[in-house]
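Just so you know, we're using our numbering here: the sequence shown kicks off at 230 and counts up by one.
The reader is advised that the hints may include incorrect statements.
[Stated by the list, open to error] Derived DEER-like restraints, expressed as beta-carbon distance ranges: (1) Val335 - Ala299: 21 to 29 Å; (2) Glu293 - Lys257: 16 to 24 Å; (3) Gly252 - Asp304: 27 to 35 Å; (4) Glu272 - Ser325: 14 to 22 Å; (5) Pro333 - Gly252: 16 to 24 Å.
Treat the hints as calculated values from the structure; they're not laboratory data.
For each residue, glycine too, the CB sits at the ideal point set by N, CA and C.
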Amino acid sequence: MGGGGPDGHYRLGLSAGRHPAHGLTVAKVLYFARFREAIGIGEEEIDLLPSDTSLAALCERLCERGGGYAVAFDDMTKVRGAIDLEMAALDSPLGSAQEIAFFPPVTGG
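Work out the full structure, taking the sequences as your base and the hints as a guide.
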């Protein structure tokens, strides 16, 4: 499953460098801190599906991938996000986001 070719990447929801002419928005997803550690990568490009209506919906889809994704998104109280460089609540719509970031809550001092 998910072989090295573009078709295998398409089945996994990865962009594989395709042009968005296939009708889906391609977004860069950035992972920071515990997300990067659990998932094992700092960023990837994914196709945003019609079901990806919010940050929370995208988290659910990523969690369904299992493995490190399931670990990273196991506790939604520890998930913060940003859409196109703006902090966003988990119920924020993705729209045609170009960049989405996930990171843990931070404290200031």
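So does glutamate 272 sit 14 to 22 Å from serine 325, Cβ to Cβ? 19 Å, holds
Confirm or reject the claim that proline 333 and glycine 252 have a C-beta distance inside 16 to 24 Å. For proline 333 and glycine 252 the Cβ distance comes to about 33 Å; the hint is violated.
Does the Cβ pair glutamate 293, lysine 257 satisfy 16 to 24 Å? Hint holds: Cβ distance 20 Å, inside 16 to 24 Å.
Would you say the C-beta atoms of glycine 252 and aspartate 304 sit inside 27 to 35 Å of each other? 34 Å, holds
Go ahead and decide if the range 21 to 29 Å is satisfied by the Cβ distance of valine 335 to alanine 299. At 23 Å between Cβs, range holds.
The structure fails hint 5 only (numbered hints given earlier).
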